[in-house]
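Listed here are the chains, written in short residue letters.
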Amino acid sequence: MTTTPIRLGIVGCGAVTRISHLRALAALPEYEVRYLCDKNLEVARAANREFGLNAKVTTDFNDMSGEIDAAIVCAWPSHHFPITMGLLKMGVDVLCEKPITTTSSDAIELAEAATRSQRIVAVGQWCRCLKISWILRRLLSLEFVGQIQAVTAEFGDELSWPMATGAYFDRKQTGGGVMFDAGIHVLDLIVWMFGELHQITYRDDSFGGMEANGILSGVIKSGDREIPCRVAASWTHALFNGVRIVGTEGEIHLRFANRDYITVVKQVAGEPMVLRIGEEGCDMPFRSGSPQQALLEDFAFAVGSRRAPVTAVDSAILPLKILEMAYTLRRPLEQPWVTSWGNQP
Amino acid sequence: MTYSKILVTGATGFIGSRLCEKLALQYRLPYRALVHNFSKAVRIARLGAEMAPGDLNNPAHLEAAVSGCDAVVHLAFGSAAKAEENLLAACRSAKIKRFVHVSSMAVYGPSPSLECTHERTAKIGRYSEPYSDAKVRAEKTIQRAINNGLPGIILRPTVVYGPYSPFVISIVRDARAGNVTLLDDGRGVCNAVYVDDVCDAIYAALSDDRALGQAVVINGDHAINWRDFNLTFANMISPRPQIANFSTEEARAFWQTKKPSFRSNLAAVKKLLRSSSFQDQLETVPAFRSAIRWSKKSLKGVLSADRISALAGPAARRPNQTLPLVPNPGRIVREDFRLEFSNELAKSLLNWTPCIDFARGAELTRTWLEYSGMLGPSTRGERL
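Protein chains in written order, with this note's numbering: chain A, 1 to 345; chain B, 1 to 384.
Hints may contain errors.
[What the hints assert, rightly or not] Computed list of lysine to aspartate or glutamate pairs in DMTMM-like fashion (alpha-carbon distance at most 25 angstroms, straight line):
#1 172(A) x 250(B)
#2 89(A) x 314(A)
#3 39(A) x 340(B)
#4 56(A) x 69(A)
#5 22(B) x 314(A)
Hint data in this document are derived by calculation from the structure and do not stem from the laboratory.
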């Protein structure tokens, strides 16, 4: 662990940086924010003012060279690859927002560059930094609800993210719609817990634009068994927002809204018993209950100790590959209220 | 008539989003969506729609948005006094060929007289009812421009429903919360028209010249009553909710007692100051942030948990409010309604006829409600 604060630069000072990272950083003495970079200098200045920082501001991340040890990248996903590559060339460790890149081939190239340069690249997949995710992994390893029969993961709500432009809906900037934006979180969690998904099918509600609802189905292989798995994401309405595991002896519910415990419904003497299981006994590499803080805490520890972070770049490649495969297999989601015309003018 | 491009204002709203879907997928006409708040643009983003950022208060935005368009469908409802003037100025510069203004039956006020059943005898005025008066103000501005040569048509849809309808969402949410209420047993007239029929009328107004200069009511073929409208959607919830009835007089008297007073304003300010979301907002200002954090920390140090809970105010301690809740003033205006509007003028001038009756419209709406998880168990997002 470093004894002096990590000199940090942030590239991209939009909503994610202000709502998530800068708020979390305010509680972490491990960091000192030295530089704020945004293509719009006024946005960087505003972030500086809003959080009472005394960071230098710039429009060019190359200006940060030699003045920072690590950087957070919060630009549009299409810029993640060139910026992170540039930062690695400067000898800087990077925490890059999700999705790490817009293609898996770029992610592989980044992972290789990180290995070559002996730098750390972590990805903002905060679901892995929830204590309940670690509890769930432990319960699964203990076969707490018997043999797993089905896995479902959903993440969605009416989109309310503040946005100044329509770039959020530009595939060239973001790489995809809701599956790339929200779906990647739960897909990453499933892959982190279970590994590869096979026999993928995928449906979404796009009519040539960005999907606002997507459903990815596949199969998890466990020995000679095939477990059906479904991952769904929505920008239009609330979903379960968590993971549900159905086992032969009960169900496990992980809800993002309940960050302190997991709910288990287990058959005991023929009767359902509801258990709430908290964190004790779980071996987690971070203390914080806030996933954003935990993510930064883990990154700081990785930077200081030179061990791989929980969300290391190489572990973020498989979810991207699965999503890429899903997009190529796309089928339309049935929406009869959209395509039932009352008449034909 | 053919157009090189149609500008749709209010494109992210309930009718606007559906119009964009039909423009892209059914009518296959080129269009540009004027977007004020991109967070609301999810539905039209699915279509790959061309989106122009725009604020009706900003003449430069509107000029850029109208540029290259030769028709405008104006659905946006802005509180800005000059919204319509700004848009019309941009339309004049672009020499647009057709302007379809989507107004509302609200221009006849909360209690229209019998003359309002037909457009030729109907008059619009001021009613001291904010929504109606705002719609009248906008329509009068458009009508003046039409009188001065704008090739425009005004459509006055009645009670528009369908997927994403705020009316329907509100009924279903209330039903899930166990709060289904009727006014006067739901005897009021509901001039329901399915959203697709309104879009088809807009398409007809773009295509047909006979209605130029006219204001036309767009209504379904058969009015229903508010009991049928409310209960059709409320009863989609399982188990079926309990229904409570209020008389209109009772509901009006209730809201009369809730009119703002000095005391209630003071209470509202106190409530605002205590609310955590307001404090979160204030905390984004560095000077307030440190002050708020210091105050919270100090209070926790010197006060017991009970005392802090008491300071959080009655809202934090109050048990669930007793149901049912009295229908809100907006519902009273809508549902205490006695008049059935004719759609004959629209049929004759626009060569349009509504195609989706209430049973079919409700069924289509149900498929969307199921899809979006709104008919599921009472806890939000439990569906999986």
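Going through the hints against the structure:
1. Of the supplied pair hints, the one linking residue 172(A) and residue 250(B) is violated, its CA atoms being roughly 57 angstroms apart against a limit of 25 angstroms.
2. Distance check on the hinted pair: residue 89(A) and residue 314(A) sit about 18 angstroms apart at the alpha-carbon level, within 25 angstroms; holds.
3. A threshold of 25 angstroms between alpha carbons decides the hint, and for residue 39(A) with residue 340(B) the separation of about 57 angstroms lies outside it, so the pair is violated.
4. For the given pair, residue 56(A) sits about 15 angstroms from residue 69(A) by alpha-carbon distance, which is consistent with the 25 angstroms threshold.
5. Between residue 22(B) and residue 314(A) the alpha-carbon distance is near 44 angstroms, which puts this suggested pair outside the 25 angstroms criterion.
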